[in-house]
Structures are given as C-alpha cells and as structure tokens.
Amino acid sequence: DRRDVVVENVITLNLAEVWVGLGRLDLADDLCAKALEQAQRRGDHLTAAGALKVRAAIERQRGALDKSIATLRIAIYEAEGAEDRLLHAEMLRELGEISRAVGNSGAARSAFREAVNAFEVVGASQEIAEIQAELDPAMAPIRLPSMRPAFAAMAANASDHDAARSWPFSLM
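Each residue of the sequence shown is one higher than the last, beginning at 2 in this note's numbering.
Since the hints were derived computationally from the structure, they do not count as laboratory data.
Heads up, a few of these hints could be off.
When the alpha-carbon atoms are kept at most 20 Å apart in a straight line, the in silico EDC-like pairs for lysine to aspartate or glutamate are as follows [unchecked claim]: (1) K35 with D5; (2) K35 with E9; (3) K35 with E18; (4) K68 with D27; (5) K68 with E9; (6) K68 with D31; (7) K68 with E38; (8) K68 with E18.
Estimated spans, in silico, between C-beta atoms of each pair [unchecked claim]: (9) G107 with L28: 30 to 38 Å; (10) R43 with Q133: 33 to 41 Å; (11) E121 with R63: 28 to 36 Å; (12) E38 with R110: 30 to 38 Å; (13) E84 with D27: 27 to 35 Å; (14) G107 with V11: 32 to 40 Å.
C-beta atoms are modelled at their ideal positions from N, C-alpha and C, and glycine is treated no differently.
Can you build the whole structure from these sequences, using the hints too?
Shown next, in the form of structure tokens:
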C-alpha cells in the first residue's frame, strides 16, 4: 500500500535526523539514501525534498558546504508547489545553518528570520525559541544540559538494556 510506504519513509527520515543529531552521519546517510530512492521511484517530490534536506544537513556537518548548498537548492526545487509549510520552514532553517557554516552571517540571520516567520505560520513554538536563542544569545531561555551524550551512549550500546533503562539517571 502506498500509504504504508509513505509512512515508512517519514519514519526513516525522522530516524535519519536523529542520527544526524547524534553525529552518526554514515547511518543517517544510509537511511536518507533509502528514503530518497523510494521517493524518486514513486515520484513523491515532497518526501524527496525532505530526504534532500536531511542530506544537506549531513553534507554541512561533513564540511562539504558547497555540496550542501547545491543539495538544499534541489530540495527547495523538489518541494515547490507541495504546500508543506513546515518543510519549507525547516529548509529555511537549514539554509541559515549552511550560511553560518560558510561564514555568511548576514545570509544566515536573514534565513533564520524567514524560518522564524515560517515556523510562526505553523505554530512551531519550540523551533522558534531555538532559532531566536541562536540569533540573540543574551535573550536565550535557560537551557537544560544537553541530552546528546546520553543518547549517543544509548545508541552505541543499543543492545545493553541496563544502559537503556538507566540513561536518564546518568545525567545527574
């Protein structure tokens, strides 16, 4: 069923984004490639755009900034006419991240502001707060300690059930 494949691709891309956040770029890239291939085979431009957005983030983190910009441009082209405002906002945010990595702070601020406006339309308050904190660190809300090391440890020891049960307590 086509809907099952679409749902599977959404889950695959969400998992790929988690791996990107944990710095496991090879795993993220494999999942992204799988989702992109299936989307292209079905002519699903929206899922293809989402996969390309994730791939652009992977390339950015690997330092392939020119390639990342080119990939994001293709993602934007794929998403044209799809009317997915959340994806559009996420792509603007990624453009800000890439622009910052390239050293173009003006373009980064502009992309981040556009992303905030787009996130406001869809009511994504968490994303708005994160971007605003990056734009003006003095106005940033108090941040809790990063959970990334705990998630990385869990992912590295995925078969270790004791670590999975006790990970929240390792933060204390």
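Here's how the hints hold up against the structure:
no., hint, verdict
1, K35 with D5, "holds, 15 Å"
2, K35 with E9, "holds, 11 Å"
3, K35 with E18, "holds, 14 Å"
4, K68 with D27, "holds, 16 Å"
5, K68 with E9, "violated, 27 Å"
6, K68 with D31, "holds, 17 Å"
7, K68 with E38, "holds, 19 Å"
8, K68 with E18, "holds, 18 Å"
9, G107 with L28: 30 to 38 Å, "holds, 34 Å"
10, R43 with Q133: 33 to 41 Å, "holds, 37 Å"
11, E121 with R63: 28 to 36 Å, "holds, 31 Å"
12, E38 with R110: 30 to 38 Å, "holds, 35 Å"
13, E84 with D27: 27 to 35 Å, "holds, 33 Å"
14, G107 with V11: 32 to 40 Å, "holds, 34 Å"
In this structure, the one hint that does not hold is number 5.
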